[in-house]
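Visitor: Residue numbers (the working numbering), protein chains in the order written: chain C, 6 to 148; chain G, 6 to 148; chain R, 6 to 148; chain D, 6 to 148.
For the record, the hints were derived by calculation from the structure and aren't laboratory data. You may find that some hints are simply not true.
One copy or two, it doesn't matter: identical chains are merged, so the pair holds either way.
[Stated by the list, open to error] Below are the DSS-like pairs computed for lysine-lysine, each with C-alpha atoms no more than 27 Å apart in a straight line:
1) Lys124 to Lys56
2) Lys72 to Lys93
3) Lys93 to Lys124
4) Lys15 to Lys99
5) Lys46 to Lys15
6) Lys111 to Lys124
7) Lys56 to Lys93
4 protein chains.
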Amino acid sequence: MKNINCYRRKIQYYETDRMNVVHHSNYIRWFEEARIDFFEKAGMPYDDIEKQGLMIPVLSADCSYIKAMRFGQVFRIETDMTFFNGVKFEFEYKVYNDDTDELCAKGRTSHCFVNSEFKAARINHSYPEFYSAFAEYNQKFKK
Amino acid sequence: MKNINCYRRKIQYYETDRMNVVHHSNYIRWFEEARIDFFEKAGMPYDDIEKQGLMIPVLSADCSYIKAMRFGQVFRIETDMTFFNGVKFEFEYKVYNDDTDELCAKGRTSHCFVNSEFKAARINHSYPEFYSAFAEYNQKFKK
Amino acid sequence: MKNINCYRRKIQYYETDRMNVVHHSNYIRWFEEARIDFFEKAGMPYDDIEKQGLMIPVLSADCSYIKAMRFGQVFRIETDMTFFNGVKFEFEYKVYNDDTDELCAKGRTSHCFVNSEFKAARINHSYPEFYSAFAEYNQKFKK
Amino acid sequence: MKNINCYRRKIQYYETDRMNVVHHSNYIRWFEEARIDFFEKAGMPYDDIEKQGLMIPVLSADCSYIKAMRFGQVFRIETDMTFFNGVKFEFEYKVYNDDTDELCAKGRTSHCFVNSEFKAARINHSYPEFYSAFAEYNQKFKK
């Protein structure tokens with residue numbers, strides 16, 4: 006069974022632009038919201054991760070815009086960890102209009118772990134509890 | 006000779022995040038700044054395009070983050086139109102630290118033309134002056 | 006009894022800046038979120054208001070920053086309509102750390118109604134149902 | 006003679022909202038841009054200030070919106086330091102449409118100096134070079 010994380014909220018007025026749709030840059034911010042929500046629900050609140058001296062920069066991000074979203078709508082993001090090897094990991098996001106279930110956008114981000122000097126960190130040794138949580142989560146998706 | 010457009014400005018304080026680097030979503034906004042600057046220099050100010058009833062939504066966007074940028078730096082974006090067929094077009098962006106000439110990020114966006122009802126518009130008939138400007142610009146790159 | 010509206014949510018990573026606190030401009034956006042939540046709970050969803058051809062621009066905004074807020078915290082805004090005369094209205098906002106109940110910021114915004122040509126609109130005649138909802142709400146506060 | 010600092014740039018597409026005007030929160034960000042430009046022209050680049058371990062949080066901000074600004078316009082901000090006592094200081098901002106010279110908004114921000122633990126810092130002793138620069142600048146305004 007796939008255990009995909011759901012995150013939903015209303016679209017804000019300040020997220021729209023003069024085309025009367027959500028500005029495309031905000032989807033990248035929504036992916037971050039969904040990712041941080043995922044971390045929290047997986048038992049790894051993101052501010053706890055950073056308190057341990059680990060940071061998780063974004064290596065790449067992409068988004069395909071399928072249907073423009075508007076103020077007054079609720080979006081729902083289904084977030085899925087699609088890769089993890091202890092050094093890097095990847096997420097996939099599907100953005101739905103929560104009322105109509107229409108797929109409105111989809112995208113991906115890739116990440117690594119770095120320490121406070123922005124040097125790549127291998128978490129299996131230094132942060133075994135995060136490694137286990139990630140690996141366990143990723144394991145579920147493989148089945 | 007390639008006639009690639011250059012756009013540069015200082016990084017704003019409000020573009021940083023608590024990792025002390027530019028938040029990754031802002032590069033997508035910078036691409037838009039560079040693209041609109043490109044349109045203007047190519048003789049098609051973007052607000053003129055919209056006054057004609059044409060809009061140019063983003064169909065997809067991606068960005069690879071190579072080196073984190075910080076407050077106090079100046080970025081330079083080299084923008085290149087890599088595809089144009091009268092209905093769709095694509096841009097490529099390379100983001101440099103303007104002081105060191107280091108490549109810090111690169112990305113692409115793809116676009117189409119739509120009318121005010123968000124229906125796809127073929128501009129060669131309805132907007133021949135934009136079509137000519139785009140085609141002429143794109144032609145330069147092919148040589 | 007005062008019927009003050011409460012709005013709460015988590016602070017987003019992209020709302021922080023390199024001082025490791027929420028960038029001060031975001032409180033102005035939070036006021037908008039709280040205001041729109043207020044409209045909805047008062048039975049006047051903001052997108053319905055705009056569908057009627059009414060817009061509600063901001064005439065002024067101010068914020069006093071009392072204690073810096075950070076990623077990982079939940080903010081709660083208590084929103085209060087402090088003036089309404091059918092043409093203009095005012096809101097007050099108090100921003101609390103929802104965990105500690107510390108007052109972290111407070112502010113105000115003032116507004117008017119305009120039609121789609123940005124001309125001031127007096128809503129008691131043209132939009133009696135909005136007028137009643139506002140007046141009724143405001144009445145509660147006077148007692 | 007008053008030596009008021011001028012800062013100007015084009016309005017970005019992503020700064021607009023679905024009312025087809027600049028979202029009001031962006032003026033608070035523009036004030037920051039103008040303020041940082043002021044610091045730089047006064048010989049105190051803001052990132053140098055922070056490298057010395059000083060930060061300059063915002064204590065309060067306000068803005069009056071006089072005329073809506075739109076995409077395609079250039080704004081000009083005239084920035085004026087109106088108070089400085091070695092611990093706190095204040096700025097005033099006037100936002101003009103640079104083409105028409107119409108005053109479109111005006112606002113103020115107040116600030117203090119803090120060290121890296123967010124404790125108030127008195128700069129006349131610890132940072133005499135900043136103190137002199139500020140005091141000298143402020144002196145000009147008094148005449």
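Visitor: Hint by hint, note whether the structure agrees.
Guide: A quick look at each hint next to the structure:
no.	hint	in the structure
1	Lys124 to Lys56	both (16 Å within a copy, 21 Å between copies)
2	Lys72 to Lys93	between (31 Å within a copy, 16 Å between copies)
3	Lys93 to Lys124	within (13 Å within a copy, 38 Å between copies)
4	Lys15 to Lys99	both (16 Å within a copy, 22 Å between copies)
5	Lys46 to Lys15	both (20 Å within a copy, 14 Å between copies)
6	Lys111 to Lys124	between (30 Å within a copy, 21 Å between copies)
7	Lys56 to Lys93	within (20 Å within a copy, 32 Å between copies)
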